[in-house]
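**Student:** The primary structure of each chain is shown beneath.
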Amino acid sequence: MLFDYNVVLDSLPLYFDGVLVTLKLLAIALAVGLLAAVPLAMMRVSRQPLINFPAWLYTYVIRGTPMLVQLYLLYYGLAQFEAVRESFMWPYLSNATFCACLAFAINTSAYSAEILAGSLKATPHGEIEAAKAMGMSRAKLYRRILLPSALRRALPQYSNEVIMMLHTTSLASVVTLIDITGAAKTVSSQFYLPFEAYITAGLFYLALTFILVRLFKLAERRWLAYLAPRKH
Amino acid sequence: MFNGYGSTILDGAWLTVQLALLSMAVAVVLGLIGAAFRLSPVRWLALMGETYATVIRGIPDLVLILLIFYGGQDLVNRIAMMVEYDGYIDINPFVAGVGTLGFIYGAYLSETFRGAFMAIPKGQGEAGVAYGMSPLRVFLRILVPQMIRLAIPGVTNNWLVLVKATALISLVGLQDMMARAKSAGDATREPFTYILLAAAIYLAMTSVSLLVLRYLERRYSVGVKAAEI
Chain D
1477 MLFDYNVVLD SLPLYFDGVL VTLKLLAIAL AVGLLAAVPL AMMRVSRQPL
1527 INFPAWLYTY VIRGTPMLVQ LYLLYYGLAQ FEAVRESFMW PYLSNATFCA
1577 CLAFAINTSA YSAEILAGSL KATPHGEIEA AKAMGMSRAK LYRRILLPSA
1627 LRRALPQYSN EVIMMLHTTS LASVVTLIDI TGAAKTVSSQ FYLPFEAYIT
1677 AGLFYLALTF ILVRLFKLAE RRWLAYLAPR KH
Chain R
30 MFNGYGSTIL DGAWLTVQLA LLSMAVAVVL GLIGAAFRLS PVRWLALMGE
80 TYATVIRGIP DLVLILLIFY GGQDLVNRIA MMVEYDGYID INPFVAGVGT
130 LGFIYGAYLS ETFRGAFMAI PKGQGEAGVA YGMSPLRVFL RILVPQMIRL
180 AIPGVTNNWL VLVKATALIS LVGLQDMMAR AKSAGDATRE PFTYILLAAA
230 IYLAMTSVSL LVLRYLERRY SVGVKAAEI
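Those protein sequences? They're chains D and R, same order as listed.
Here the first sequence stands for residues 1477 to 1708, where the numbers follow this note's numbering.
Here the second sequence stands for residues 30 to 258, where the numbers follow this note's numbering.
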């Protein structure tokens, strides 16, 4: 037979469990990554070399190496050091879910920081001058003027990053997690039907991608309405 | 150095470079065809191009690699069995890797090229038609040379992503730099050292790429006046 539907239908529950794992990994990675990206972006727009350089180096190294390498370094690499194996962090660092989330969060923090830094730099200078003229402190300037506007303007590019991250989570299957790709691997080896197994996984990712694109379109309509072209 | 594993990892690095360059060549060709399809006035061609770009960009690289490598091999053999061909057809991981990465990044590049073509003033193509050039000649002689400059930033990004994506081919059994670093690490029980070495070489590759592409961008922008702000 050229395509075995029954196997796919029978293993749908496994795929749906995989969707939950994928979404969990994505949500944790994005939340932690964005939290780290805000201070990193603020460092990246600083004119002080001592503040700017470490953030630049961090984003440059993370963005210049493959995600798979970063994941391997954390999951397989760290076990090399006895100090790590004996530290209180070891129960976490030997856990595949923790390592995957950490690696994804580190990765997305670097990309998001660059996106956010670009957006911060694109703030019209009049807004900053006006805030200074009102006597705002630096902290208040960031809290009230720069960040709310920069986070909004970063939305279209950030949506791309989120989709990339959704695709990146498929690497979790390499470190034994049963996400969508992991489910496909299981089905593929159980029934020896790789074609059906991976096509199904692909369809699930495609559906999730479309849903995310749609959600971001709605978010842009909500938070970027003031930048949309006039309709009348 | 590196207990004698240094040279096998460097061999792997060379394989990674070959894989990346060949995949990029395939991707550029597919990207140009994809962009031409998507901009074509013929409805079904445009729809085909659009479907290619949307579907491929909506699915993770890893899943596509596993699908094409394992699924493709399975499918080829199922068809072979149907036509009563005896024997098992094995796909070479390097060839499959080049094809797969080329196919995936062709979709991303078709997006870049499409944007670049659309940014060329309409009159350019029309002038070519007025000179009696065939559509293919207009495409190759007038549109493509002008498109390159506009496409370079997008191509740079795609190339960097592609170089990093080559590491995924190690998961389907190609003995590239990633696979060799991993097995050297397992053999010596020093995984961190060897994976870090691989990371450093990947970083060197992306850094060199950035410099080369920045130079190319300057070269192709000769004669274009940048407005001073």
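In short, the hints are calculated from the structure, not lab data.
In this text, all values refer to a predicted model and were calculated from it rather than measured experimentally.
We put the CB at the ideal spot given by N, CA and C, even for glycine.
Among the clues, some could well be false.
As the list claims (entries may be wrong) - Simulated restraints on C-beta separations:
#1 R:Met-77 to D:Trp-1566: 47 to 55 angstroms
#2 D:Ser-1563 to R:Asn-32: 25 to 33 angstroms
#3 D:Trp-1566 to R:Trp-73: 52 to 60 angstroms
Unchecked claim - To give an idea of the chain D side of the interface with chain R (calculated C-beta under 10 angstroms), a few residues:
#4 Gln-1524
#5 Leu-1526
#6 Asn-1528
#7 Trp-1532
#8 Arg-1539
#9 Leu-1554
#10 Ser-1646
#11 Thr-1652
#12 Ala-1677
#13 Leu-1679
#14 Ala-1683
**Student:** Each of the hints needs a verdict: does it hold here or not?
**Tutor:** Each hint tested on the structure:
Remark: the range hint 47 to 55 angstroms for Met-77 (chain R) to Trp-1566 (chain D) is upheld by a beta-carbon distance near 53 angstroms. Under the hint 25 to 33 angstroms, the C-beta atoms of Ser-1563 (chain D) and Asn-32 (chain R), about 27 angstroms apart, fit the expected range. About 58 angstroms separates the C-beta atoms of Trp-1566 (chain D) and Trp-73 (chain R), a value consistent with the hinted range of 52 to 60 angstroms. Using the Cβ-Cβ criterion of 10 angstroms, the hint placing Gln-1524 (chain D) at the interface with chain R is not satisfied: the shortest such distance is roughly 24 angstroms.
Annotation: Leu-1526 (chain D) was flagged as interfacial toward chain R, and the flag is violated, the nearest CB pair being 23 angstroms apart, outside 10 angstroms. A cut of 10 angstroms between beta carbons decides the hint on Asn-1528 (chain D): the least distance to chain R is about 18 angstroms, and the hint is violated. For Trp-1532 (chain D), the suggested interface contact is broken, since its CB lies about 13 angstroms from the closest CB of chain R, more than 10 angstroms. Because the beta carbon of Arg-1539 (chain D) sits about 8 angstroms from the nearest beta carbon in chain R, less than 10 angstroms, this interface hint is met.
The interface hint given for Leu-1554 (chain D) holds, since its Cβ lies 7 angstroms from the closest Cβ of chain R, which is under the 10 angstroms cut-off. Taking 10 angstroms as the C-beta contact cut-off toward chain R, the hint placing Ser-1646 (chain D) at the interface holds, the least distance being around 4 angstroms. The beta carbon of Thr-1652 (chain D) is not positioned within 10 angstroms of any beta carbon in chain R (closest approach about 13 angstroms), and the interface hint is therefore violated. Hint on Ala-1677 (chain D) holds. Least Cβ distance to chain R is approximately 5 angstroms, under the 10 angstroms limit.
Nearest Cβ of chain R to the Cβ of Leu-1679 (chain D): about 8 angstroms, under the 10 angstroms cut. The hint holds. Of the supplied interface hints, the one on Ala-1683 (chain D) holds, with its beta-carbon coming within about 9 angstroms of a beta-carbon of chain R, less than 10 angstroms.
Against the hints set out earlier in the document, violations occur for numbers 4, 5, 6, 7 and 11.
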